[in-house]
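**Q** Chain by chain, the residues:
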Amino acid sequence: MIEIRLLQKEDDTSSFDCKESNLNLFLKQYAKQNQFKHYIGTTYIAIFDNKVIGYVSVSSSSIRVDELGELIVKKLPQYPLPILRLTRLAVDKNYQHKGIGKALLKWVLKLTLKQKEQFGCFGLVVDAKPESVMFYEQYGFESFTIHAGALDIRPYAQTMFLSTKTIELGV
Amino acid sequence: MSVQISAYIEDDIKQKMEVYSSSHGLKKGFLIQNALDYYLNALHEIPTSMMTPSHISVDEKTFEALVDGETKANVKLNNLLKDD
Chain G
1 MIEIRLLQKE DDTSSFDCKE SNLNLFLKQY AKQNQFKHYI GTTYIAIFDN KVIGYVSVSS
61 SSIRVDELGE LIVKKLPQYP LPILRLTRLA VDKNYQHKGI GKALLKWVLK LTLKQKEQFG
121 CFGLVVDAKP ESVMFYEQYG FESFTIHAGA LDIRPYAQTM FLSTKTIELG V
Chain A
172 MSVQISAYIE DDIKQKMEVY SSSHGLKKGF LIQNALDYYL NALHEIPTSM MTPSHISVDE
232 KTFEALVDGE TKANVKLNNL LKDD
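Chains G and A supply the protein sequences, listed in that same order. Number 157 in my numbering belongs to position 157 of the first sequence; there are no gaps in the numbering. For any residue, its number in my numbering is found by taking its place in the second sequence, counting from 1, and adding 171.
No wet-lab data here; the hints were simulated from the structure. A virtual CB, placed ideally from N, CA and C, is assigned to each residue, including glycine. Hints should not be assumed to be uniformly reliable.
To be verified - As a list, the in silico PhoX-like pairs of lysine-lysine whose alpha-carbon atoms are at most 20 Å apart: (1) A:232 with A:247; (2) G:110 with G:19; (3) A:247 with G:106; (4) A:199 with A:185; (5) G:106 with A:253; (6) G:165 with A:253; (7) A:253 with G:116; (8) G:106 with G:165; (9) G:165 with A:247; (10) G:114 with G:129.
Stated by the list, open to error - Going by beta-carbon spacing under 8 Å, a handful of chain A positions derived as facing chain G: (11) 206; (12) 207; (13) 217; (14) 219; (15) 229; (16) 231; (17) 234; (18) 248; (19) 252.
Unchecked claim - Beta-carbon label-pair distances, calculated as ranges: (20) G:155 with A:249: 18 to 26 Å; (21) G:142 with A:193: 25 to 33 Å; (22) A:209 with G:114: 30 to 38 Å; (23) A:204 with G:38: 17 to 25 Å; (24) G:94 with A:195: 48 to 56 Å; (25) G:39 with A:206: 17 to 25 Å; (26) G:120 with A:183: 14 to 22 Å.
Build out the structure end to end from the sequences listed, making use of the hints.
**A** This is the structure in structure tokens:
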């Protein structure tokens, strides 16, 4: 049985290997720092047989428009829209293609609804690796272009969006 | 030795800086220098590739598309969320 829960300080992440060094490095070296020291992001882990077999990292963020033109200024919100941002999702190489990524995404979709209830949340933004774009597209995520606020990773992540309203309708 | 720099920053950050500067009696140059110093030191602890920017900026056309976009959930999303 797979359990998904919040990363704890004492969790052993040393054996995790998803075949991507940046994603491995994040979990092993920075996920706990971000969560317990700097409070800038949270990581949820998938556990099987007392082993971390997948993780997903999120942080709260916002989307805003650079400058509103006069034509549409009246009909658009003139304040940043609060969002949940899924920045990293990875599954251990021995557990890939078994639905762990799907389970982690489902966890974050439900987290988006919880955030909406507690603090307000307009939608879920995902920073998808080029090879993961189709994974998110199948659930209705749409790609969009950003001017600033991209993750500083290579290859560049594709920013994708799914509104909270859509997630609510899916439940 | 001090040198002068010039940079474009977003309006709300400028306003926050001005409010803080006037309410604490601090010069803007002092604030900017310290903020940069803190930020660059923080990067030694967490490289930029591991950090998530606090906000995303888009143009108004994209913003409009996000606000007025399709809200209907597709079958796959339905199945994923109902599959408990």
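**Q** Any hints this thing doesn't respect? Which numbers, in order?
**A** Violated: hints 1, 2, 10, 11, 12, 20 and 21.
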